[in-house]
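Undergrad: So the sequence lines, in the order shown, correspond to chains Z and L.
Note that my numbering numbers the first sequence so that position 182 is 182, with each residue one more than the last.
Note that my numbering numbers the second sequence so that position 134 is 134, with each residue one more than the last.
If you're looking for bench data, these hints aren't it; they were derived computationally from the structure.
All values derive from a computational prediction rather than experimental measurement.
For every residue, glycine included, the Cβ atom is placed at its ideal position computed from N, Cα and C.
Some hints could be false.
As the list claims (entries may be wrong) - Now the in silico label distances, taken between C-beta atoms and shown as ranges:
hint: 1; chain 1: L; residue 1: 372; chain 2: Z; residue 2: 148; range: 44 to 52 Å
hint: 2; chain 1: Z; residue 1: 81; chain 2: L; residue 2: 46; range: 45 to 53 Å
hint: 3; chain 1: L; residue 1: 78; chain 2: Z; residue 2: 73; range: 18 to 26 Å
hint: 4; chain 1: Z; residue 1: 68; chain 2: L; residue 2: 244; range: 51 to 59 Å
hint: 5; chain 1: L; residue 1: 305; chain 2: Z; residue 2: 10; range: 32 to 40 Å
Unchecked claim - Simulated coverage check for chain Z against chain L, where a stretch passes if three residues somewhere in it have a Cβ under 8 Å from a Cβ of chain L:
hint: 6; stretch: 67 to 74
hint: 7; stretch: 78 to 88
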Amino acid sequence: MKTTRIGEIIETMSTGFVAQSFKLNRPPPLGSLVLVRLPAETAESSASMDLYAVVTYGRTVGLDPSRRAVRRSTDTVFDQAIYQEHPELNRTLRTEFGAMLVGFAADGLVQQHLPSQPPPLHFSVQETPIEEVRRFTHRLHYLRLLLMDSGEVSPLQVLAANVRQVYHQRGHDRVWLDAAAREIATLLKNDHQALLTVLYAIDPAESRPRLEDGRTTHLLGGGEQI
Amino acid sequence: MPLKLEPISRQVDSMAQEIVDLSPAQEQFLEQARARLRSVSADALRQKLAQQRRQQIRIPWLVATPRGSLSGTTPAPSPPSDFCVIGSDASSIPPDRHSSIRYYVLNVGYALLTYGSHPDALLEATGQLCFRDEDLYVFSDKRDVPIQGVRLGARMEVESLRILQQVVGTVSRPTLALCDGPLILWTLQNETKKVRQAMLHAFLEAMALLRQAGVPLAGYISYTNARDVANSLRVWLCHTRPNEECERCDSDDRDLCLALAKIRDRDLFAFLAAGERSELFSSSSQILEEYGEHRADFFYLNVGGEIARIEVPQWVGSDAELLDFLHAAIYDQCRRSPCFPPYPPALLEAHEQAVITAAERRLVEEMVERALGQLGRRVVRSAKDDSKRRRGV
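All chains, please: the whole structure from these sequences, using the hints.
TA: This is how it looks when you write it as structure tokens:
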């Protein structure tokens, strides 16, 4: 299956990794599912293995940690034009993203728990093809892994971002979304505020124009007065 | 024990007070000096300097001979739409005399920046461990004149220029080659003629190749301390032998002459507007006698926040087209600078490539010790160095 390389792992651990994005200022979307393919000789099993991870943050900083970015804009040069005027920025800045491991596929089976080994340093991170996104997200156990604190962005926002991404990639599969909402409701049954935070963040109605009568259909169920 | 700050603090207060007290008088003399810059005939000054040279009157300072007028200015032309700037810089881990192993490390960095329709950047560095006799000595056959101190500094300048010359060969559009620091390697002045010539050989060869490629070269000196032009004004004001009979001097210009000894060219030329350059001047530095056709002149340029000294070979200074491009490209570099006062990004990035951190210095030392250790040889350090490292109490 054809994939696109989007970054290289520069820090790795059992729970996830940090990768340097190949595109400056364009890390993969928050919550998206990314992939690290391990050939047989590097995988824990004798067969090849695909590791899946969810993007938990993205940031752009100076390549050298001791060099902070400084203002470059003028009255006439700003935004994208800054990169034309200062071509060295493409070599002195870097965009990196963090990803949390949520499972792997080996011997034709998808597992939704942490692999026994972290992915090797300097290996490629790839976009996950739509068919693999569908296959991996068929089951929803991986969502509970996203509730672990990833340190940068709130786990609730990462969880919501992942559900939005997958819903979109699965062709606005409402059945899947409802199942995901139920899974999240189970996971957060003891924290009502956190549950509402996630449900509002994944509710497609929140990003749709309101109905003329000011009412809309919510994931939370039924109609709700705005 | 740490530095005792109490007496230092009192002395700092005194120093600050003296600087402030002297400022109004210095400002007054500075204005007078600038007025002389405008009024003195460049022709007459050239004649006086030439006459003193003919009469072998010793001038104890470096002086500048104007190639045009003294106070003439030229605004910055516009740079072409597509062009490149390549800057280079070098740093080193010098030989350690406290170690039984003699070597040094050179790291030469460069930044090739492309502007216009296809903006791009290439930032690179080439590290080199120098441990063979041909690297350690100016004359390797006799193991004579070690490369260290001033000579290591000159070697870094040579390598900076050589990398510029190597990289411009890969570029097809108009390109400016920029060195961090002077082209006039005056630090070699105290070396013997044979050493000077041996060290300058590769430097001048690289200049010749740049000339052949039609690439203008400049040495960029930020916040210059030079006084060449101020010294020339002193020679102009002096009616006897410069710096010899100042006590007995009864000239009306005596106070101005003595004040000029404290005035730097960067203050003298502070009247330049942003982007403007002065006319070209020739330096009297003795080392230039070795430069032949690559003899370097200089001008001052207001880069938009400070007066920089720009040194250029005469083949650049005498070619109006090359000089205009060089002037435009340097000012454009400073316009693109992310800092204030501005500094050319090509040099800033070259420096970042060249710099060797303290951790990297330790790492190289450890690598050498490990490599020798694996072969059963221990690196011996002097007792003095060892005691400083241990710092036992």
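Undergrad: Next step is simple, just say for each hint if it's right about the structure.
TA: Comparing the hints with the structure gives:
Between residue 372/L and residue 148/Z, the C-beta spacing of about 48 Å keeps the proposed range 44 to 52 Å intact. Between residue 81/Z and residue 46/L the beta carbon distance is about 47 Å. The supplied range of 45 to 53 Å therefore holds. Take residue 78/L and residue 73/Z: their Cβ atoms lie about 21 Å apart, and the range 18 to 26 Å holds. Checked against the given bound of 51 to 59 Å, the beta carbons of residue 68/Z and residue 244/L, roughly 54 Å apart, stay inside it.
Checking the proposed 32 to 40 Å range against residue 305/L and residue 10/Z shows it holds: the Cβ atoms sit about 37 Å from each other. Here the stretch 67 to 74 of chain Z counts 4 residues with a CB under 8 Å from a CB of chain L, which clears the bar of 3, and the coverage holds. By the rule of at least three residues with a Cβ nearer than 8 Å to a Cβ of chain L, the coverage given for the stretch 78 to 88 of chain Z holds, with 6 such residues.
Comparing the model with each numbered hint stated earlier shows that all of them hold.
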